Amino acid sequence: MTDKPIQGEQKVFMTGNEAVAWAALAAGAQIMYGYPITPQNEIMHYWTRLAPKFGRKFLQTEDEISAGFTTVGGVLAGVKTFTASAGPGNTLMQEPMSMAEMMRLPTVMVVTQRGGPSTATVIYSQQEVTMTCFGGNGEGFRIVYSTSGQQDLFDYTIKAFNTAWKYRFPTFVLGDGYQSKMREPFIIYDPELKGIEMIKAEPYMGNPGTPGIDRDPAHLRNTYNMEDELLEAVRQIGAAYEKIAPEVVEYEQFETVDAEVLLVAHGVVSRAAQGAVKVLRQQGYKVGHFRPITLRPFPGAELKAVADKARHILVIESSYGQFKKLVTDEIYGCATPLLPYLKPGEGITVEEIVAEAKKLF
Amino acid sequence: MSIQPQMPAVWRTETKPHKFCPGCGHPLVLKALGEAIAELGIQDKVMFGCDIGCSLLAWDFFNLDTVQTHHGRTTPIMVGIKRAKPEAITIAYMGDGGGYAIGSQHLVNAAMRNDKVTVVLVNNIQYGMTGGQMAPTTLPGQKTETSPYGRDVEATGYPAQGPEMVAAITPEGAYVARGTVANVRQLKRFIKKALENQLEGRGFSFVEALSLCPTNWATNAKETWRLVEEEMPKFFKVGELKVPGEKKEG
Amino acid sequence: MAKGAKIAIGGEGGQGVQSVANILSEAAYEEGFEALYIPNFGVEQRGGVSVAYVQIAEGSIGSPKFKIADIVVALSDRAVYRTKKYVGPQTIFVYDANIKGVEEALPKNAGKVLAIPAIKVAKEELHPRVFNVVIMGAVIGATQVVSLEKAKAALEAKLGYKFEQDPSLRELNYKALERGVELVQGLI
Chain A
2 MTDKPIQGEQ KVFMTGNEAV AWAALAAGAQ IMYGYPITPQ NEIMHYWTRL
52 APKFGRKFLQ TEDEISAGFT TVGGVLAGVK TFTASAGPGN TLMQEPMSMA
102 EMMRLPTVMV VTQRGGPSTA TVIYSQQEVT MTCFGGNGEG FRIVYSTSGQ
152 QDLFDYTIKA FNTAWKYRFP TFVLGDGYQS KMREPFIIYD PELKGIEMIK
202 AEPYMGNPGT PGIDRDPAHL RNTYNMEDEL LEAVRQIGAA YEKIAPEVVE
252 YEQFETVDAE VLLVAHGVVS RAAQGAVKVL RQQGYKVGHF RPITLRPFPG
302 AELKAVADKA RHILVIESSY GQFKKLVTDE IYGCATPLLP YLKPGEGITV
352 EEIVAEAKKL F
Chain B
15 MSIQPQMPAV WRTETKPHKF CPGCGHPLVL KALGEAIAEL GIQDKVMFGC
65 DIGCSLLAWD FFNLDTVQTH HGRTTPIMVG IKRAKPEAIT IAYMGDGGGY
115 AIGSQHLVNA AMRNDKVTVV LVNNIQYGMT GGQMAPTTLP GQKTETSPYG
165 RDVEATGYPA QGPEMVAAIT PEGAYVARGT VANVRQLKRF IKKALENQLE
215 GRGFSFVEAL SLCPTNWATN AKETWRLVEE EMPKFFKVGE LKVPGEKKEG
Chain C
2 MAKGAKIAIG GEGGQGVQSV ANILSEAAYE EGFEALYIPN FGVEQRGGVS
52 VAYVQIAEGS IGSPKFKIAD IVVALSDRAV YRTKKYVGPQ TIFVYDANIK
102 GVEEALPKNA GKVLAIPAIK VAKEELHPRV FNVVIMGAVI GATQVVSLEK
152 AKAALEAKLG YKFEQDPSLR ELNYKALERG VELVQGLI
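Protein chains in written order, with our numbering: chain A, 2 to 362; chain B, 15 to 264; chain C, 2 to 189.
In isolation and in its complexed conformation, chain A is listed as follows (with noise of 0.2 Å):
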């Protein structure tokens, strides 16, 4: 039996690529599929140095596709397996993940936004939200962690793992090319000394005893025959999503309370919002920052609530709108007046949204 990857705990100084493979080894994968596409890469370098190390597995498939179905396959076999893809290969993904949203299945993806559409840049962005939100033909039912730096991006690749196989349902961690290409200090820890519950994987198939005789044959499908019993299937996902959400659901706020403007951004850029807060609160002004961490689940009511009460609504992201557009969905009948800040594909700095929020008073 191999040692844990991690003893105890330590403070790193690590690239956010790096921070992934340690969390994923922490959390128990056992195998890792993906195929190269930039900024992402380096996750699979760390992997498969460190995997035959304590006996994980790694392929290199032919294409995303592959790498998402291979990872549906891992997940079946009843193995935590995980994938990685950024920009055009998130795109390939969708129909992998929309075969596992439909089925719950607990697949663990890994995004590293690049810019977009298409090829774009290997860079950053914030352009993937809508895609890892609700891509390929699905209705969204998915969980999706957006990452502010490495320490998120360790802490929430583990609980990605113990949020797909306790909830069952396709599993992201959002983050994006600076956070996989940018070193700043953590902390990386075994999570059962943290006394982080860590959730067993259980096979769909190839349980014990022969199927027909010992046991049902596990018949597992995504395909419905009549438009009643796929309304039937679909319901009951939903009603199974939202009865987890608020278990699920997960967020941040910075001195909210007597904002009169509400800085709403996620991922990377609360960081900036963060920091806008405190620079322009020391300048008198009342600003404040709502931070959603889960996209999905969305933490619309709690931020309906803050946004409610403050003067003017600041969505802020690097990208044309995706981020603002589950916004203005999930506060819907909110009277506030909103305004957009975006930089599709480009880095916002605590200056800027400082400039942007002073504009407002």
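Rather than coming from a laboratory, the hints here were simulated on the basis of the structure. Source: prediction; values computed, not measured. Treat the hints loosely; a few may be bogus.
Calculated lysine-lysine pairs in the DSS-like style (CA-CA distance at most 27 Å, straight line) [to be verified]:
| hint | chain 1 | residue 1 | chain 2 | residue 2 |
| --- | --- | --- | --- | --- |
| 1 | C | K68 | A | K344 |
| 2 | A | K12 | C | K151 |
| 3 | A | K359 | A | K279 |
| 4 | A | K279 | C | K86 |
| 5 | A | K58 | B | K157 |
| 6 | B | K59 | B | K157 |
| 7 | C | K113 | C | K124 |
| 8 | C | K113 | A | K360 |
| 9 | C | K113 | A | K54 |
| 10 | B | K236 | B | K251 |
Which chain C residues face chain A? A few, computed with CB under 7 Å, are given here [claimed, not checked]:
| hint | residue |
| --- | --- |
| 11 | Y30 |
| 12 | L37 |
| 13 | Y38 |
| 14 | I39 |
| 15 | V44 |
| 16 | R47 |
| 17 | G63 |
| 18 | S64 |
| 19 | P65 |
| 20 | F67 |
| 21 | K68 |
Don't be surprised by glycine CBs; every beta carbon is placed ideally from N, CA and C.
Given chain A, put chains B and C in place with the hints provided.
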């Protein structure tokens, strides 16, 4: 002023120096391709498609109508153009990943249909632009970023024999060859014959070119050439595999 | 010891821009600061201008990139053009004195513009290959953002395996660091 080398007429000087790494094989293949196009006088008929990966750096290389596509999707795009405009000479330019991994199903189907397109595939036994991951053509035991302990043939199979596969599944009328940047004159002859195959309307044409990537191979000049001249031909036989009209016995 | 710094370094691919940035941020991390380093990159594997962003702070760092740097370092003529946008009225703009033909291009709005003869000093006194370590010394000298001691430790961590094979390299690199500090302190 230094003496400029003689470049084919389709060479676009405004976009030179090109962006390929020093020591890359692509410029050699592209030169052979450019010369073949110039000699055949088809510059105004060619539609040139490049894939994702280092082949994409050819997007503004030639004075040719060019489209940079998605990874592995260059073949179907050029097929789409050819079927819409049969008088065009369509060239799909890609790497070993674009042809034998993510693009393999498209390559196989275009070949089976005997689509009258010309595929030029640059084989440098790893994925260059993304930093040196394993490719279908990676050699046994070869260390890459995703086979850091060496390619394990038990787990991942042997280097893909692309031209052999294409030769086996294409009907009569297809032209299939494998050349090498270690013999650019021969490579050019193969590419020219491939393009003539399309010009004459005979069928699918496919040329794989053994190529170099000292950047990701991390080899010096001597070792780089040894790899392409001595090692790679052990797994990838250079020569013509299928020529229209050549009847074989048995 | 200064409270922190935003540093942008630009140069030709191969000049060691990312190495310098990596070692600097490592040193700051070891010093106990918050440090964030991110490289800038396009699709090509080689060539092109290489830019690195390093932020060192006591508190949390808001975004991986920034608009205005405290210190900008340009190691080639293309890098001068590329990094100008990070210059503000308080910025120290450092460029290698060896770069020709950029007098018109130098930022006119910088706090200070310093020409450091790093390449010359490296060639004449040390070894051409350590010129980027001289530059690193200059950055440390100008910002005082990490201690020389921690910088040496970070150099050791990154290049220790090379020093093992040739201990004289250690002396060379340390000396390069110190020369860099001297060069910039003479100018400020």
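* Satisfaction of hint between K124/C and K113/C, Cα-Cα up to 27 Å -> The hint holds at about 26 Å.
* Asked: Minimum Cβ distance from L37/C to chain A below 7 Å?
  -> holds, 5 Å
* **Proposed proximity, K157/B with K59/B (alpha carbon, max 27 Å)** => violated, 42 Å
* Asked: Are the Cα atoms of K68/C and K344/A separated by 27 Å or less?
  -> Holds, at roughly 14 Å.
* To do: Please work out if K12/A and K151/C have their alpha carbons no farther apart than 27 Å.
  => With Cα atoms ~17 Å apart, K12/A and K151/C stay inside 27 Å; holds.
* Is the hinted pair K113/C and K360/A satisfied, with a Cα-Cα distance of at most 27 Å? -> violated, 32 Å
* With chain A as the partner, please determine if V44/C meets the hint condition of a C-beta pair closer than 7 Å. => holds, 6 Å
* **Supplied contact hint for Y38/C, tested at 7 Å Cβ to chain A** => Interface hint status for Y38/C: holds (5 Å vs cutoff 7 Å).
* Asked: If you take the shortest Cβ to Cβ gap from S64/C to chain A, is it below 7 Å?
  -> holds, 4 Å
* To do: Return the status of the interface hint for G63/C: holds when the least beta-carbon distance to chain A is below 7 Å, violated otherwise.
  => holds, 3 Å
* Asked: Regarding the pair K279/A and K86/C, is the alpha-carbon distance no greater than 27 Å?
  -> holds, 26 Å
* Asked: Does the CB of K68/C sit less than 7 Å away from some CB of chain A?
  -> Because about 5 Å separates K68/C from the closest Cβ in chain A, which is inside the 7 Å limit, the hint holds.
Hint compliance for this structure: hints 6, 8, 9 and 16 are broken, all remaining hints hold.
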